[in-house]
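Spelled out, the chains give:
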Amino acid sequence: MYISWKIKTKYLIFLIVVLFFILVFPLKDFFEYFFNFFSKRLLVLPQKTSTRIEELKYQNLLLSTKLRQLEYLQFENEKLRKALSLKETYKINFIGAEVIGFDPSGWRKRIFLNVGSNKKIIEGMYVIDENGYLVGKVDAVKAGYCRILLIDDIEFSVPVFIGENSYGLLKGGLDGIKILYIEKDSLIKEADRVWIKLASVNFPIYIGKIKKIVRQDDEMFLVVYVEPFSKDSLLHKLFIVQ
Amino acid sequence: MKVDIAKIYFFLFILFLLDIIKPFNFYFKVEFLFLGIIFFSLYYSSFSILLAIFIFGYIKDCFALQNFLLNTIEFIIVYFAGNFLNLDKNLQRFVFPFLCIIFHILVQSIYFWSFTPLFIFHFFIHSMVSYFLIEYLLKRWMQPLLNEYI
Chain S
1319 MYISWKIKTK YLIFLIVVLF FILVFPLKDF FEYFFNFFSK RLLVLPQKTS TRIEELKYQN
1379 LLLSTKLRQL EYLQFENEKL RKALSLKETY KINFIGAEVI GFDPSGWRKR IFLNVGSNKK
1439 IIEGMYVIDE NGYLVGKVDA VKAGYCRILL IDDIEFSVPV FIGENSYGLL KGGLDGIKIL
1499 YIEKDSLIKE ADRVWIKLAS VNFPIYIGKI KKIVRQDDEM FLVVYVEPFS KDSLLHKLFI
1559 VQ
Chain E
4 MKVDIAKIYF FLFILFLLDI IKPFNFYFKV EFLFLGIIFF SLYYSSFSIL LAIFIFGYIK
64 DCFALQNFLL NTIEFIIVYF AGNFLNLDKN LQRFVFPFLC IIFHILVQSI YFWSFTPLFI
124 FHFFIHSMVS YFLIEYLLKR WMQPLLNEYI
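The listed protein sequences derive, respectively, from chains S and E.
Here the working numbering runs 1318 ahead of the position in the first sequence, where the first position is 1.
Here the working numbering runs 3 ahead of the position in the second sequence, where the first position is 1.
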């Protein structure tokens, strides 16, 4: 088969370009920033129209979390049967952020927010919605934006409490959120709340409630499905817990 | 055949932005960029198209955590498959996107080691419907350039 020199040269140039891009793969940060720059301009609402609404949402979140903190403290007092006097006050600090993009892969549930290391965001911080329910956690941080792993992403996992007595490992997935390593004799039931407690805040952060419990005879652990509270939260503002 | 490269790059860019913005959130399980790649692989054959496909595959891989050019390699395979598949034109129009979507589902499921029948079914149906919609719109937009093929 005769191949002209023109075509050979073209494919040789293509091969060189491929090798170049493979060797200088650190360009990925540039492309990520470039496309977030575009989607930021398309998605973020004009500040004039939403400033007051955002302030009210933030205040509402602070008040509702403070209320939950007080309820939890009261519960602790009754449960442990001794007064719990707080020797240090917990300063609750949230950073508001807006969703500027999503991971282009259909298999991943990751989003980009418009705050980054410039607002002292670090990896591992948790993200909640305006009602105080867990949405995900910070996965990667750059100067002007950060990437969040949502709770139903295949790589998301966090140790959680269930109701009052049990705990397990919450794991995201394409077929729903599950809790692993719950023993068969555990006293959990449907509609039990699933929550986490962070060192930086003195109240529980709820994730969802138990939707279904599957008991399999040949398995050591139960399969527990969770229904998250934070539905459609990506259309609203999110808050990162510092 | 003269190819309007600027139009192709622009359209692939729009499709990629759609994947990033996700106007339907996670309810609509489609990768628009991949569907565009299927369309251009089926109806075009030139080095410029191959380069465009490589560039957009590379950009998509930039968003992935792992340093492996999975999408770049996959898109290039789809391009060569579209150019060398030798079926009746009318049959190819339905069979090729079907095979490409199945191939994509297999590759991504194996790579992420996540096999979820319900999600795969939704992804397949949404992608097939979206592909034919994109094909219909693109054919009208690029009609003069496709006259040789259709």
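Hints are supplied without guarantee of correctness; some may be wrong.
Said to hold, decoys possible - Heads up, simulated DSS-like pairs for lysine-lysine below, C-alpha to C-alpha not over 25 Å straight-line:
1) S:K1455 <-> E:K92
2) E:K32 <-> S:K1549
3) S:K1489 <-> E:K32
Stated by the list, open to error - Computed spacing ranges between beta-carbons, pair by pair:
4) E:A9 <-> S:K1460: 44 to 52 Å
5) S:A1517 <-> E:R143: 54 to 62 Å
6) E:I128 <-> S:K1529: 23 to 31 Å
7) E:K142 <-> S:L1374: 28 to 36 Å
8) S:K1328 <-> E:Q95: 33 to 41 Å
I should point out that these hints are in silico values taken from the structure, not numbers from a laboratory.
Remember, predicted model here, so these are calculated numbers, not experimental data.
All residues carry an ideal CB built from backbone N, CA and C; glycine is no exception.
Given pair status - E:K32, S:K1489, alpha carbons within 25 Å: holds (21 Å)
Note to self: Run the distance test for S:K1455 versus E:K92: straight-line Cα separation, threshold 25 Å.
What the structure shows: violated (49 Å)
Is 44 to 52 Å a correct range for the gap between the Cβ atoms of E:A9 and S:K1460? Violated, since E:A9 and S:K1460 (Cβ atoms, about 31 Å apart) do not stay within the stated range.
Going straight from one Cα to the other, do E:K32 and S:K1549 come out at no more than 25 Å? With Cα atoms ~17 Å apart, E:K32 and S:K1549 stay inside 25 Å; holds.
* Do the beta carbons of E:K142 and S:L1374 sit within 28 to 36 Å of each other? -> Distance hint for E:K142, S:L1374 is violated at roughly 49 Å.
Requested in this report: Note whether the CB distance of S:A1517 and E:R143 lies within 54 to 62 Å or breaks it.
Outcome: Cβ of S:A1517 to Cβ of E:R143: about 58 Å, so the range 54 to 62 Å holds.
Practice item. Indicate whether the distance between the beta carbons of S:K1328 and E:Q95 respects the range 33 to 41 Å. Key: violated (26 Å)
Checklist entry - Falls inside 23 to 31 Å, the C-beta gap from E:I128 to S:K1529? => result holds (24 Å)
In summary, the structure is inconsistent with hints 1, 4, 7 and 8 from the numbered list given earlier, while agreeing with the others.
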